[in-house]
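**Student:** Here the structure of chain A is known, so what remains is to put chain B in place on it, guided by the hints.
Heads up: the protein sequence lines correspond to chains A and B, in order. At position 21 of the first sequence the residue is numbered 21 (my numbering), and the sequence of numbers has no breaks. At position 222 of the second sequence the residue is numbered 222 (my numbering), and the sequence of numbers has no breaks.
Treat the hints as calculated values from the structure; they're not laboratory data. Here the structure is a predicted model, which is why all the values come from computation and not from measurement. Some clues are possibly wrong.
[Said to hold, decoys possible] Footprint (simulated), chain A over chain B, 3 or more residues, beta carbon under 8 Å:
| id | segment |
| --- | --- |
| 1 | 48 to 58 |
| 2 | 177 to 184 |
| 3 | 226 to 233 |
| 4 | 330 to 343 |
| 5 | 346 to 358 |
[As the list claims (entries may be wrong)] Derived contacts from chain A toward chain B, CB cut-off under 8 Å, selection only:
| id | residue |
| --- | --- |
| 6 | PRO7 |
| 7 | TRP112 |
| 8 | MET136 |
We put the beta carbon where it would ideally sit given N, CA and C, even for glycine.
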Amino acid sequence: MSKTELPENFEERIGAASGKILSTGKDGIPTARVPAADVLPLMKSLKAGPGARFLMLTDVFAVDEYPKEPRFDVIYHLSCLETGELVRIRVFAQGEKHEVPSVTSVYGTANWHEREAYDMMGITFAGHPDLKRILMPLEYEYYPLRKNFPLEGIEPERLFKDRFPDESIGSMHQKRKEEGPESP
Amino acid sequence: MTSMEETNEIGMAGEYGAERTTLYMGPQHPATHGVLQIILTLEGERIIRAEPVVGFLHRGKEKHGEHLTYNQFIVFTDRLDYLSSMANNIGYALAVEKLLDIGLTERCQYLRVIICELSRIASHLIWLGTSAIDLGAITIYFLTFEEREKLYDIFDQFSGLRMNNMFVRFGGLAGDIRPDTIEQIKSFTKTFPATLDECERLLTKNRIWWTRTRDVAVISKEDAIDLGLTGPNLRGSGEPYDLRKNVPYLVYDELDFEVAIGRQGDAYDRYLVRLEEMRQSVRILQQACAKLPDGPLFTDEARKYILPPKSKVYSGMEELIHQFKIVTDLRVPPGEVYVGTEVPKGELGFYIDARGDTSAYRMRIRSPSFTNLQALPVMAEGRLLADMTAIIGSLDFVMGEVDR
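Next up, chain B with everything else stripped away, as it sits in the complex:
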């Protein structure tokens, strides 16, 4: 054991025969996808230990959640995982709706599923583009960002914003989605698989992509469960755990889709899982658009929590009071609730301890990226420094969600 202890000293020759050095990667490194710092202990190019340092983007969202009103906090959920902001909105809204005990109309649920899946594709497209560019495949970036542009145009059409849309309200959505936007989504689902095929042609059997990702960043099923990985990172290791299937919310149980799983849990498997997930999202979108029922967006009980039209606020006393009550005095009945939803990165959970006030007593955000990042030291150990970009890319985390 003494020889092992000796090798732990910086500057001593270690098991790979090279001197030990410490390398600080980030927080300003382009491949870390945000402000992540990784302290690497290296022997030559071999990684002995990797320690992620997080918190550079900590904004105290949980503290804010205890001081802002429930409606004000929706906008904060946008900035968790800013690549799929509307999926976060929906997770939070579902938790508050459970506390308020309001139901959703069929149409609203279908529209929310459509929004969730569009967000999933948008998020996965950014992951595919950026993680490919990290490994030197620039073409993919242009292909994926072109498709993402189409998605952001769709977001722009119904929410008025490209990013951080804040489109979800308790009891429904900020507005209905027009039929022509639905047509646009339908035509997107027709053209998008061709681009996916194009990406697959460029990557899946690409010799360079194969050697850079195959057997890199391996995490076994047992380790993945032990480390609490969720989302594609867990499914890449072969565990078919998907909240859309296991704990169906909205109308996911009425839609036909499959859960993709990997075989051995390496970066290549996670790549395949995410690609398949995009295809399944397209399937869900097609079904949801076809099944989308007509009818009202809000239930009658939900109308209490939806702002009245502005024109009526200026002319009617009733509506003025209604708006004033929603903005300043929306009291949520006491109770505790935890709702987990399957966002592109994994299980996003909101635990709200409400005590009958206008803001939560405790707002806990269980973010998937934070938990997934814990697997990085396990994946990096014993790999080469050049694999670091592949590992970071394959984990697909967003620092806004890690640091909260």
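Same shape as in the complex, but just chain A:
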């Protein structure tokens, strides 16, 4: 992709956030990788700085690169409403808690998208006003979109035991399995 196709001032702004331009995907969307610490200033400059203004944050989500390290790649899609241009910002989540600064102070829409990324992948958005699960039950213990989470799910055993303390359906099923097909 040639430089002329990049949105106005995009390269300078990425450079100011000590990021680098990556080769674009098949969709031709300009992509940049930025260190986590510089996300917030970059978002501010992309929204209100000189050049093409990206007023709308279209999406925030993460990709799990398990078992590679760094594991989680958080992706932001920003769109410019006037020209319809789209840019993609990629950020690696940092540390034990897979932390990325929250951009809710710049884009209000990030609130639910970040909650979803937390719910599905377990990414902690530092500074989020209300980081809790959104699609899964609040007491759920796993992050279902992680690559090491099985497709068939994990039985929430604790919840199950509370509901059926002694003769749980689960244990009956287990018993039948152990006794073989002939048993009643």
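**Tutor:** Using the frame of chain A, we list chain B on its own:
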């Protein structure tokens, strides 16, 4: 500030002088249009805070997308926004086609535009009927559902199903649309505006409709953009952002239509925007039906991804292998792609991270309803409880798409 903090306590007299109560609306409430729960903090009838609780219909579609083959996932896109399932199919197919790098014939693109616009009208008709019934106008429901029935008959004719049609394939459609169905669409575009006029006569200057929707659920242009609203909800606030115009896909740039925008972003404006959108869809349909070129449905490169005729599969080795390859071993070359399309609810985006396998490495669905629903607390704050149905109705979301 202490007085403000005090009023935050449940059971204390607040700024409207009444005791605070918490009301759980849904998930089994008929006006929530699906399994949505809203936790309302009320002072008398005044809404202090509204918190939507979503996820009751979560089926893990993104996870499924990482395990099913690309072809198998088409059927899952139907069940996102089940009121305009073929528009979702097309959005997904466009993303995969970009990865596979296959082109579409002119005829196929026009047919897809026709399908998209028919879906848009069908979806908006359901919105009009149900949101009017929520506010007590039952007549509209019968008018709109009669027209919707005609549309579903058309869907039935070419896809064999009324809902969840799954009519789109990579590189084309499951089949061609016959000339008599095109005639049926043409006659629909002739009769349908009269019904719209009838609805407008019943609602637009209706005193009750006016007071129930005017100045209700107001969202400013700045807030709407900040909250990421798309579709009629954004355009109702006055921002003319429409992917069909701004990022034209298929053959939308060859068709003449206008983007309707509202003035102040209330429920009434969004009602007007959606009505106008239906009229514009009729215009698009008329042009597309008139311009619809003859010729093949698939390009030569697309034929690799289209199932061979069943009769030949049973008799020819070549076709048998071809079918087997498509069903079990359709490998998509590596690459990442994001394609956003303008579905009736807003911008539906598919981000696919392909790594050369038969299923996607990451399948991200950017659903418009999920993002639009975030505006509900902003719209509800300070309104009366009775306005809640108007607010929910005017946002027009589908829970299948919110929860995915």
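**Student:** Now, for every hint given, state plainly whether the structure supports it.
**Tutor:** Evaluated hints:
no.	hint	verdict
1	48 to 58	holds (count 3)
2	177 to 184	violated (count 0)
3	226 to 233	holds (count 3)
4	330 to 343	holds (count 6)
5	346 to 358	holds (count 4)
6	PRO7	violated, 14 Å
7	TRP112	holds, 5 Å
8	MET136	holds, 6 Å
Figure legend: structure checked against the earlier numbered hints; hints not met, in rising order: 2, 6.
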